[in-house]
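> Those letters in the sequence shown? Residues 1 to 262, per this note's numbering, in order.
Honestly, the hints are just simulated from the structure, not real lab data. Everything hinted at is true.
Derived SDA-like pairs (lysine to any residue); straight-line CA-CA distance at most 20 Å:
| id | residue 1 | residue 2 |
| --- | --- | --- |
| 1 | Lys62 | Ala125 |
| 2 | Lys96 | Arg59 |
| 3 | Lys101 | Ala125 |
| 4 | Lys96 | Glu122 |
| 5 | Lys96 | Asn213 |
| 6 | Lys194 | Met64 |
| 7 | Lys101 | Pro74 |
| 8 | Lys96 | Val208 |
| 9 | Lys96 | Arg69 |
| 10 | Lys98 | Gly210 |
| 11 | Lys90 | Pro115 |
| 12 | Lys101 | Thr117 |
| 13 | Lys96 | Asn47 |
| 14 | Lys90 | Asn155 |
| 15 | Lys194 | Pro87 |
| 16 | Lys194 | Phe211 |
| 17 | Lys194 | Cys81 |
| 18 | Lys62 | Phe107 |
| 19 | Lys98 | Met64 |
| 20 | Lys194 | Met153 |
| 21 | Lys239 | Met250 |
Simulated restraints on C-beta separations:
| id | residue 1 | residue 2 | range |
| --- | --- | --- | --- |
| 22 | Lys162 | Tyr256 | 54 to 62 Å |
| 23 | Tyr256 | Cys126 | 47 to 55 Å |
| 24 | Tyr256 | Asn233 | 25 to 33 Å |
| 25 | Thr151 | Tyr118 | 21 to 29 Å |
| 26 | Phe245 | Ser85 | 44 to 52 Å |
| 27 | Glu255 | Lys162 | 51 to 59 Å |
The beta carbon of each residue, even a glycine, is placed where N, CA and C say it ideally should be.
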Amino acid sequence: RNIDENKAPGEFKVKEEIEKRNLALNGERWGYCSGQKGPNPTLVMTNITGNFFPNAEARICKFMISINRGILPPAALITLCFNASRPSVKMRMELKGKDGKMVQELFGIGTCLLPATYLTVEDAACDDRVTPFDDEQTKSEQDVFYTGQVTIMENSWPLTQKEYNVLEQVRHDPPNEDNKRGAKRVAEGAPNWKLVMVVENEQRNHVVLGFDNRYAEGFKKMKEKMWDYIDPNRLERGKRLREDFLIQLMIERGEYMGEGEE
1 RNIDENKAPG
11 EFKVKEEIEK
21 RNLALNGERW
31 GYCSGQKGPN
41 PTLVMTNITG
51 NFFPNAEARI
61 CKFMISINRG
71 ILPPAALITL
81 CFNASRPSVK
91 MRMELKGKDG
101 KMVQELFGIG
111 TCLLPATYLT
121 VEDAACDDRV
131 TPFDDEQTKS
141 EQDVFYTGQV
151 TIMENSWPLT
161 QKEYNVLEQV
171 RHDPPNEDNK
181 RGAKRVAEGA
191 PNWKLVMVVE
201 NEQRNHVVLG
211 FDNRYAEGFK
221 KMKEKMWDYI
231 DPNRLERGKR
241 LREDFLIQLM
251 IERGEYMGEG
261 EE
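Using the sequences provided together with the hints, build the complete structure.
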């Protein structure tokens, strides 16, 4: 693995040659942990980022760590590191599992570091889509998860007028989102944060760090069900209206050949 002999055993180091080949679009970075005895595990870092908007709950962010039920062994060894753009902010990080049970609670100033911690499938919360009527294969394909949040303590993240102005601009004209996980919701010049998760490469496809959007997604599904109940034919009607609009547009352009004509 091309271990650097000048590095102390067990010290983590990003391998430039590996990073250049494997820097993924979602912001993943590769590295390895050197030691006196092999094999040396390859580590992967993923992250999510965002701007801090002042709120009544003093919450900086909510996040979720999803774990595939089929992971072997049935646990993930992860490390978390949270950084705020204001180095003096006092923070509290919480990580919860099944039934909202507190798994980890830690505090920091500018940075919160959760050292290597095992997150087991057994102690994780279950996906709401899993029911007792599902077969074993269906259950094994569903994810379990841990939820977390970072909050401000002692009102220690005051904003300048310039930062307020930038955030106000972001509210009206949010930065473009792309397909890269975590590479969104950040505007230059605004207060921001970054959460990094380190996991072994063998588990990278089974452990995912992301935003906790369950409330928004649940509300969206509820609205869709409500509209389906109130107006069950709206999808079919919308499809028909769209087809009529396209036909009218082709007629105006002289491109409509009529139904059944080539």
